[in-house]
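**Q** Chains A and B, in that order, give the protein sequences.
Heads up: the first sequence runs through residues 1 to 389, numbered per the working numbering.
Heads up: the second sequence runs through residues 1 to 100, numbered per the working numbering.
Rather than coming from a laboratory, the hints here were simulated on the basis of the structure.
Owing to the predicted nature of the structure, the values given are computational and were not obtained by experimental measurement.
Please note that the accuracy of each hint is not assured.
Unchecked claim - Keeping only pairs whose Cα atoms sit at most 25 angstroms apart, straight-line, the calculated SDA-like set for lysine to any residue is:
no., chain 1, residue 1, chain 2, residue 2
1, B, K62, A, A252
2, A, K355, A, P191
3, B, K62, B, S40
4, A, K86, A, R386
5, B, K67, A, G271
6, A, K86, A, E50
7, A, K327, A, R386
8, B, K62, B, R43
9, A, K197, B, D71
10, A, K197, B, A70
11, B, K62, A, P44
12, A, K197, B, G72
13, B, K67, A, Q201
Read off the chains here:
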Amino acid sequence: MIVCMLTWEYPPRIVGGISRHCFGLARALSKRGCEVHVVTLGFPDAPSSERVENVNVHRVLPEVGTTGFLSWVLLFNNSMSSYVTKLRKQIGFDVVHSHDWLTIPSGLAVSAILERPLVITFHSTESGRSLGSFTAESFTIEGIESSGIEGASRLVVASRSMMEEVCGRFKTPQEKVRVIPNAFDLQAPRPSVDVTKIREQLGISPSDRVVLCVGRLTPQKGVEFLIQAAPEILKQHPDARFVIVGDGWARASLQGTAKSLGVDNRTVFTGFVPEDVLSSLFSMCAALVVPSVYEPFGIVALEGMAGGSPLIVSQTGGLAEVVEHEKTGLWVYPRNPKSIAWGVDRILSNPELSKQLVENARAALTTRFTWDAVAVNTIGVYEEARKAG
Amino acid sequence: MRRLGRLADIADFEAISSKLRRFDEDVRLLCWMNNLGITSVERAETPEEVGVKVGMEPAGVKALAQKLRADGYLDEFRVGEQSRFYVTPRGILKVMATYT
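Same shape as in the complex, but just chain B (with noise of 0.2 angstroms):
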């Protein structure tokens, strides 16, 4: 995981010393992503804007937001050739219970 600044050093952080680090992979962007307010159409953001805040890869965030899609705890629309993502009313429900 490469750091990309004060959002993601937060990321790093959690991903050692909270219940997160007990997560796989997915379940931690889909966390991070609630977290970031990603949680409607209007707020959607493209792997590039999440993988900026959470310091990583875009091509790792898209991998696993496939993921998640599939999964139905993201939603994704596409604007020209560029894929918007956000986290679901499923997913919203996932984060709470993960963190509960």
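Bound conformation, chain A alone (with noise of 0.2 angstroms):
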């Protein structure tokens, strides 16, 4: 199986979940005898064409530019389908596989001019990451997204809740629709830096414990309710220190409520942080909070699983079936400062219980989600996919 895949986000560009849920799928999909180009866009540094780990990684640039980002996704997506279009006369593709929205316009076009089966696996809808807020750039997206599902042979989700958003929302056939969850690849090296080193950049002295967020600092992440709940849990835990991990364009506001609160000296915003830095911080943290208003699946619960953090998830979407409440991890209550308070003392108030939620995250991460799983079920969507059409 020859499989073309179409991402705007791919190592070392990584962002969110999608780049690295393209890296680990391209890597299973290989490893179970497929032939994958991965094309994507182009990044500083990194060659417009290379093989890793037996993918062949493509990447493009827009020839032009232009200030608009709609209109800079549609350029991206043309560079994306004029190059596949010239690859076909070397690769026999046999299905085109989108991920998400921002690559639906090539993944259409792809489709039709090599007459294979698109797949689009869905991370997110417009509908959800704007949390009912639409601009009018909302609105264009949620057409593309709509024209996707209209023109896809198969959708991938990653969890159930998500499925049931797509259909409801897009009123698509159950039947097109396949869940399979994500996955992490817990035998791949982690590289770490010295804890100690974190604690001196960041300025949290030994004895702190820290409380860790990691996601795009938009209100669909939540981030704003584990501020509110800062207070509340310095009261019971004051040795506690929020370290906050991530960018985007809620940081400025949510700086703002750190320090109306009161609590901006016992919180730090780390922005973007390497691999490295981010795997350590997994693994010295205290508790791991994930305090999502929505979340399709939630990448950060397996990564902080295979970490070692003890987790606090919201029960919502995603999340509420990656983590098994009291048994992998704790649920609370979506935007419900309270109930995040209440997750973060269990915590750090019982250090058994900690340690028992971190061993069954670990035995659950290399049972429910290995890649070579998802290899196996997003074959199966292809073979569907061809047969469909």
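Build the complex: two chains, separate frames, hints provided.
**A** Below is the structure:
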């Protein structure tokens, strides 16, 4: 099976879960005998073409630019389509696989030109990301999502809640949608850095206990509710130090909230951090909070499980499917600072519980969330798509 | 903001119709520079060149570009007296996080 995978982010261009997902999936498909060609956006110092772990990576850049976001997206999709159209002279693709709306236009074009079925993985939807607050741009994005759903032979989502969202929002028949949960590669080398050094760099004293939160700083991720919970948590645990990793347009507002609540001296906003630092933060934290309001899957929960972080997650979307309450982590109510404070207190006050949750989570990771299982199921979807045409 | 042509009109439209309206002026400029493809030394541009495309005065572009440079989102080099700016890898990731 020769796969043409289209994605706007692929290492070293890593922003959210899509990059990590595509990287894991492409490698796993390759191990299962597929020839995988990833077509993605260029990135400074990354080669325009390379073969990494048997995956062929092609990086393209639009020849011309524009200020508009949507028009820029269409331009890079056009570059991707043109590139694949040239590639088809050397490679006989069997299936085209787009990830999210950002590569749906090129997916539809390439599928039509190559006369090959299109599979789309929806990592989230515009409706979910915008939490119902649509801009003019959102309507266009949702239109692109809709055209992809119409044109694809099969759709893949990472959780049942996401399947319900896609089927409900777009009136899509369930027969067209397949649920394949994300995965985490426990065997992959996990570079880390000295914890003492990280504490020094971030200004965290050795006695402080780190309450970690990792994600894009947008309302969808619910970081404001963790910050609102901070005063209550600090009453019980004055040694708690909140470390917020990630960036996004809501950062200034979140920093303002921390200041107005008087917890800015106990909160560190790190921005993006290198993978080795992130890996160390997962292993050194006393609790990892995933306070999302909307989360189709929540791959950060898997990363926390792998890194040995005791997990506290919102009981929402895919998170509630990934984490089992009181077994592999704790559920808290979404948008509820009191509930988050309860969860953090429970973890920080109960080292035995914390240890047990981490052990159970790691066991779940080795049985439920493997890349090989994702690859096998995805190949099954490709075969269905080829039959469906 | 002075209207200076079609790209500048798109920038104006974006400022009121899209997610970009939520952002500070410096982040908006960063996004526009990314979308214009000013993402490598070879594609670096002067504040005057950027200003024409986004409908801003060069002095305004330069002030914002220097703030973005201090944050590590842009880099600058000089050719004679002229400064040229381009978006760094860190800036590209910032743009992507901004849009998603």
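**Q** Each hint needs a verdict: does it hold in this structure or not?
**A** A quick look at each hint next to the structure:
no.	hint	verdict
1	B:K62 - A:A252	holds, 22 angstroms
2	A:K355 - A:P191	holds, 23 angstroms
3	B:K62 - B:S40	holds, 18 angstroms
4	A:K86 - A:R386	holds, 22 angstroms
5	B:K67 - A:G271	holds, 16 angstroms
6	A:K86 - A:E50	holds, 17 angstroms
7	A:K327 - A:R386	violated, 40 angstroms
8	B:K62 - B:R43	holds, 17 angstroms
9	A:K197 - B:D71	holds, 22 angstroms
10	A:K197 - B:A70	holds, 24 angstroms
11	B:K62 - A:P44	holds, 23 angstroms
12	A:K197 - B:G72	holds, 22 angstroms
13	B:K67 - A:Q201	holds, 23 angstroms
The structure does not agree with numbered hint 7 stated previously, though it agrees with all others.
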